[in-house]
Each structure stands twice: as C-alpha cells, then as structure tokens.
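Chains as they are written, first to last, in this note's numbering: chain A, -4 to 405; chain B, 3 to 128.
By construction, these hints were calculated from the structure, which means they are not laboratory data. Careful, some of the hints might be misleading.
[As the list claims (entries may be wrong)] Some chain A residues flagged as far from chain B (calculated, every beta-carbon gap over 10 angstroms):
1. S22
2. H24
3. Q27
4. G34
5. L36
6. E152
7. H158
8. K240
9. G268
10. R399
[What the hints assert, rightly or not] Output of the computed footprint for chain A on chain B, the stretches with three or more beta carbons under 8 angstroms from beta carbons of chain A:
11. 39 to 52
12. 64 to 74
Computed from a predicted model, the values in this text were never measured in an experiment. Don't be surprised by glycine CBs; every beta carbon is placed ideally from N, CA and C.
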Amino acid sequence: MYPLGSCTMKHNPLVNEKIAKFEEFSSIHPYQNEESMQGSLEIMYELQKDLCEISGMDYFTLQPAAGAHGEYTGLLIIAQYFKNKNEKRTKIIVPDSAHGTNPASAALSGFEIVSLKSDENGIVSPEKLKEVLNSDVAAMMMTNPNTLGVFEKNIEEISKLIHDNGSLLYYDGANLNAVMGIVRPADIGFDVMHINLHKTFSTPHGGGGPGSGPVGVKAFLKECLPSPVVIKEDNKFKLYFNDGKKSIGRMKAFYGNFPVILKACAYIKSLGGEGLTQASKQAVINANYILSKLKSKVKVPAGNSCMHEFAMSLKGALGGDIKTLDVAKRLLDNGYYAPTIYFPLIVEEAMMIEPTETESKQTLDEFIETLLNIIEESKTNPEVVHNAPVNTSVKRLNEVEAARKPKLHW
Amino acid sequence: MNVPNNLFYAKTHEWARKEGNKVYVGITDHAQHEITDIVHVELPEVGKSFDKEQPCAVVESVKSAFDIYSPVSGTIVEVNEELLSAPELINQDPYGKGYFFVLEVSNEEDFKALMNAEQYAKSIEG
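Kindly produce the complete structure, drawing on both the sequences and the hints.
This is the structure:
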C-alpha cells in the first residue's frame, strides 16, 4: 500500500504493460505516415473520446507530459483565449486548498496569483470569492474534491460568480479518482481541465513514469488547443492542425507520451463506465474506513467524512517532541511508503492518507494498526520513533544538509 | 518562544521593526521553528513596491515552501543578501541577522492593523 495523499498511487494492472509491449505499438515511429499508423491514431482518438465522456469536456489534447505540464497547457489556453478576444486579464485565483502546483503553474504562465483562504469547513466560500473577483481575473483554479479531501459543495454558485465576471474555471484533475462516473467537471461549470493519466487511469507513477496530463476544454476553446489532435474523417484517423495564430502551438514533440496513453486507454476499456464508477466509490469508501478508525485518536480538521483521501493533523496526538516527519519515517520501518506530510499547508503537522480503491480490508486494517502503534510508540518509546528508520538500507538521512549542499552527479 | 516587545507582528508570522520611516522585516521565532531548517530563500528586488499582506518573498525548508507577506505597504530599499548563501541565519537569529529586507513605509496607518508582542504571543499559544 502506498498511502501517498494527493498523489493517487493506484495499482498498475499488468495487462496495461502487456499491451504497451505489443510490437504493433512498440515498433512504430512518429515520422511514419498517417496511413501506416492508423491503429495507434485510433488508440489516441479513442482515449480523447473516452476522456471527453468521463469529464464532459468537448475536446482533449493528449500532448502534456505530466500533471503540472497539463496545468501549464491549460493556463496558456486561458491566456490565449483572452488574447484572441483582445482582452487583458492578469490574475488567477487559487484557493489555499488547491493542489500544490497550481500557483507555480499560474506564475510560470505569466499570471499574478491571488490566494483565497478556505472557510472553516475547508472549502471555498462564495462570499470570500466575491471580495477578490474583478475584471483582472482570468480564471480560478480549483481541485474538487480539494486537498483536504472535501467536495467543494458550493461549486455551482462559484461557477456562476466566475462566469458572470467573464472569467474561466479551471479544474485540476488530481483528485478525479474520487468522482469519476459520478460527477463530470464540465457539468458543474469547469471550462478547462487536466487529467493525470498516471493517477486516475492507473499508469505508472513517480519513479516508474513518465506521466501524462491530457487537457480537456469546452467547445468555445477548441481553436486554442495545441496541434495536432486526432480526428476521424471518412472512417480514417487523421492528425488535425489548428490555425497557428489562434492556437497555443505545440506543447511537446510529436503526440504526447504514447505508451502512457495506450496504458490508460487499456485501463478505461477494461473497466468500462461501470467499473470506473465502482473504482471511485471504492476509493472513497476505503479512505472513509481508515478515517473512521483514526478519528478518535487524531484531529481531522475537515470533519467526519471525506472523499478519496483526508488530511489529518498529528499535532497533540504524539508524545514528547515527536513530529509528523518522525511518524512518516517510522512507517518506512514497517514496510510502508511514507505518506504525504506537511501538506496541505493549512493543516498543522499534516499527514495525508489516500489508500485508493484496490487495497483490501485486511491491508487497510494492517495499516491502521501500524499507524496507531506508532502513535502509541511515540509516547511509550519516543527514541525509537525519533531514530527511525532503522530497518531500511539507509538510516535517517540529513535532509537539511542534502538541500543546502547538494552533491549532484549526472 | 521568543517574542520581543519592541516589534510589530502580522497574523502571517512576520515581524516589523520601525526605524524612522524605514522598517526591518523578518519572520518570528515561532515561524522559523514551525518551518524548521530553512534551505533556500527568495528575496524581493530592491525598488519594488508591495501592498500590505502581499506575498514578497519565499522561504523553503525540507518541509515545504512558504510565502512571506509584507506586513505593511512600502518600497524595498534593502534586502539581506547574506541569507542567499546562509539561509540558516533565519533559524539561528530570526530577529537579528536573519532579517529579510528593509521597506520604506508608504502608509503609517498600516501599523495599526499589526499586533503587539503580547497579542502575538497570545495568538500562537497552544
């Protein structure tokens, strides 16, 4: 189990890998002519279509190579849209519960960031949003459910405020695993979004990458999309190029990370609509199961239930001077990958837990027991927790020294 | 926790020390303790103006990256460049050698919205 909150570390089914190794796919070259790579183009076309169906968006580009690259693409599309309209808008609103890369992507795209504080329930308050909305605002970026694992229930009101202001609404698909098959981002007001294939659609993640972050848009943004996209005409699959002046241009060489696209397509086709919906429901149930067993021992600021993940505060739950960092290190000793810690920033001594849908009740129970044992250990035997990890091949590393004086080799 | 009496404090854990119409700005002892060991700092450009509560610098620790907000409105007249090569000064001496920058204040009224030492100490209790 990889309980890495805000990352959706899903099981990567072997069938994905097997299909990606088929020679018909692995031996093609991007310079081949369209005629000779119809099968691969069809895979891309099918994935574009499936992502449209899952998200409610009208068009998708498969080019972006990762989630943050998708955000960057989406924001450039937003900038291009206003440029095409001859309208100057310089600001992007980012709630403090949004996914961590959002402000960085907005800054890289040349926007100024307006940070919006969550209300006491951990969600965006329409009243507070009104205070920062003005004609400078190009868009607001939201992650829904947000990084506290809470669904932004005021989304329809927020969407109305944003659109009445002439601004656009961006959906960070980082947490799509909680709602696929249940809620479609386009139906609740989002205009542009990215999807992390390496999170929601079970392709390898982190060190196993590469990632892929397709971007979807509503029809009115079609001409801003990067080129080429795959279209179907007269029963043939073709590469379609947008008008260069209105599009943001290419975001990556060729057509995106094709093997990742292929694996995601394999996953979607194996599960089908019902399977994907079931995956989301199971992910939410699994997270709530862990939450229900932990909430009497730790503080969970966003309350009694969650979506596919939750952020707890270990402040006050641990003995002596033991910190969340020490607990994460001690989890390594017990054979778990350490969860996301100290994020989101709005939770003190935060630890995020996201089990995903494929873990069994037995695995979840073992994890809960381990975590409760460590909390107990922090009071009865703090030295052990403080010195963790001891069962790993390297002991506690000096992270400060590594960051201040890195030794780089390449 | 060290909360000197002669400083003004912002909710976001910056301190401000008035010297004539100039003001020294840094982060509090409590803030450096919470952020833990600082490994990188981004400072504003001299000559740039900021509104109060506007993000103007960044600190990064092994824990995370944090925005530093200007406690009052003003123009940057000096930055503490020593922090760029020795960010640990913020941890070691947050109210002295660990200051971030000096502002020329544009609106004296801004100080009224800041906390005094007693109020700040109370706000970080618990």
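Now the hints, each set against the structure:
no. : hint     : in the structure
1   : S22      : 43 angstroms, holds
2   : H24      : 41 angstroms, holds
3   : Q27      : 44 angstroms, holds
4   : G34      : 45 angstroms, holds
5   : L36      : 41 angstroms, holds
6   : E152     : 26 angstroms, holds
7   : H158     : 27 angstroms, holds
8   : K240     : 35 angstroms, holds
9   : G268     : 38 angstroms, holds
10  : R399     : 5 angstroms, violated
11  : 39 to 52 : holds (count 3)
12  : 64 to 74 : holds (count 5)
Violated hints amount to a single one, hint 10; each of the other numbered hints is respected by the structure.
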